[in-house]
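> Residue-level listing of the chains:
Protein chains: 2
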Amino acid sequence: MAHILPSALESAIEELGRLPGVGIRTAERYAYFLLRTEKRTSDKLANVISELHDKVKNCPITFALIDSDQDVSPLYTDPDRDKKLVAVVEEPLDIVALERTGQFKGTYHVLGGAISPIDGVGPDQLHIPELIKRLTEDKVSELIIATNASVEGESTALFLQRLVNDSGIKVKMTRLARGLPAGVDLEYADQITLTHALAGRRLI
Amino acid sequence: MAHILPSALESAIEELGRLPGVGIRTAERYAYFLLRTEKRTSDKLANVISELHDKVKNCPITFALIDSDQDVSPLYTDPDRDKKLVAVVEEPLDIVALERTGQFKGTYHVLGGAISPIDGVGPDQLHIPELIKRLTEDKVSELIIATNASVEGESTALFLQRLVNDSGIKVKMTRLARGLPAGVDLEYADQITLTHALAGRRLI
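Going line by line, the protein sequences match chains A and B. If you read the first sequence in our numbering, its first letter stands for residue 1, the second for the next number, and so on. If you read the second sequence in our numbering, its first letter stands for residue 1, the second for the next number, and so on.
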């Protein structure tokens, strides 16, 4: 297959193919689009990608992603947000998902993943000591464990629950509700989801 | 939604969202991947994208994509390939698809699109005069019209057929076979595909 495409295009296809979930056909489509589009557009993309690492860092308190020239996440320093209410999430983008609801006015704590022995991720690799520190420093009254509804997310929630209980710190701990997602027919819901929906049923 | 993500990450999401078929969630995933991956990997991607326009050009004879420092497509100059047999395709990546079959040993001619009045693409925007020129210069004996099996591809094939006939140039013109794609059950084949498969049935 050598020499069918110019080497610069082959390189672009190869590098674009490293993006998550991108196979060769999609990478070809992206590369060809970038070649056909105005040079200004492809230069802009090249530019923002090359700046990404230098212009983004982690907040030292919440571990959310922040601008390099910021000290602390604005979602933490915002006086309108309740520091006593902390949502614990696995990854920085989980904050975006929760913010989209417009329903949460507390602060966040990013663990940086979930406990997963199979991937070699133990509690030591997560920002758990910093979370425990915040519990007393910010006099946290409620900790919402908003980890994923996966095995790893559940294990992490359980671990945090035990750790906080053992520490003797008094704090209400909650977990996001499990149940039917919006717009889903009962007959298509899986067994585990239905089990959770039944167990968590509410008075109307 | 301001200030949830660092501005450099927002910019990366915005620019990645310009790629074809990429929505906001996918763009977020790509941007976050690029942030989490080694700087070397994201720099390499930024680099190949920024070089794309300068290092790739069109072959002046076949309009295939070639390296900027090449004069003519190696698929044209290759002495093992038959210049008298020309496959006419819409886009440069169609060449990759045909080369993957390993069955074609002729040369290519890229039209640069298909006739589409709705998109304002007429015959004048396509590399048709250059194709007519090749017919006599290369003494082409067979022209395989390998345009897409779409309305635009069919219109373009019909246009080329009439144009070549009217020009008085003697050349055999063929079209890629239409019929059942590999691995498809008859009951799932659409009506048009089945109609073509019936009309093009072959003696066994």
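Any given hint could turn out to be false.
If chains are identical, the list can't say which one is meant, so a pair holds when it fits in one copy or spans any two.
With a straight-line Cα cutoff of 16 Å, these simulated EDC-like cross-link-like pairs (lysine to aspartate or glutamate) come out [unchecked claim]:
hint	residue 1	residue 2
1	K57	D67
2	K170	D138
3	K55	D82
4	K44	E152
5	K172	E187
6	K83	E142
7	K84	D43
8	K57	D80
9	K55	E10
10	K57	E38
11	K105	D82
12	K83	E152
13	K83	E137
14	K44	E10
15	K84	E142
16	K39	D71
17	K39	D54
18	K105	E90
19	K83	D190
20	K44	D119
21	K39	D166
22	K44	E14
23	K57	E10
These are computed hints drawn from the structure, not numbers from a lab.
> For each hint, tell me whether it holds in the structure or not.
The hints, checked one at a time:
no. : hint        : verdict
1   : K57 - D67   : within (6 Å within a copy, 38 Å between copies)
2   : K170 - D138 : within (13 Å within a copy, 86 Å between copies)
3   : K55 - D82   : neither (28 Å within a copy, 53 Å between copies)
4   : K44 - E152  : neither (38 Å within a copy, 33 Å between copies)
5   : K172 - E187 : neither (35 Å within a copy, 59 Å between copies)
6   : K83 - E142  : within (10 Å within a copy, 76 Å between copies)
7   : K84 - D43   : neither (44 Å within a copy, 40 Å between copies)
8   : K57 - D80   : neither (23 Å within a copy, 55 Å between copies)
9   : K55 - E10   : between (29 Å within a copy, 11 Å between copies)
10  : K57 - E38   : between (31 Å within a copy, 14 Å between copies)
11  : K105 - D82  : within (6 Å within a copy, 70 Å between copies)
12  : K83 - E152  : neither (26 Å within a copy, 60 Å between copies)
13  : K83 - E137  : within (10 Å within a copy, 78 Å between copies)
14  : K44 - E10   : between (20 Å within a copy, 13 Å between copies)
15  : K84 - E142  : within (7 Å within a copy, 78 Å between copies)
16  : K39 - D71   : neither (35 Å within a copy, 22 Å between copies)
17  : K39 - D54   : between (24 Å within a copy, 9 Å between copies)
18  : K105 - E90  : neither (18 Å within a copy, 54 Å between copies)
19  : K83 - D190  : neither (37 Å within a copy, 59 Å between copies)
20  : K44 - D119  : neither (35 Å within a copy, 27 Å between copies)
21  : K39 - D166  : neither (59 Å within a copy, 40 Å between copies)
22  : K44 - E14   : between (20 Å within a copy, 10 Å between copies)
23  : K57 - E10   : between (32 Å within a copy, 13 Å between copies)
In the structure shown, a violation is registered for the earlier hints numbered 3, 4, 5, 7, 8, 12, 16, 18, 19, 20, 21, in ascending order.
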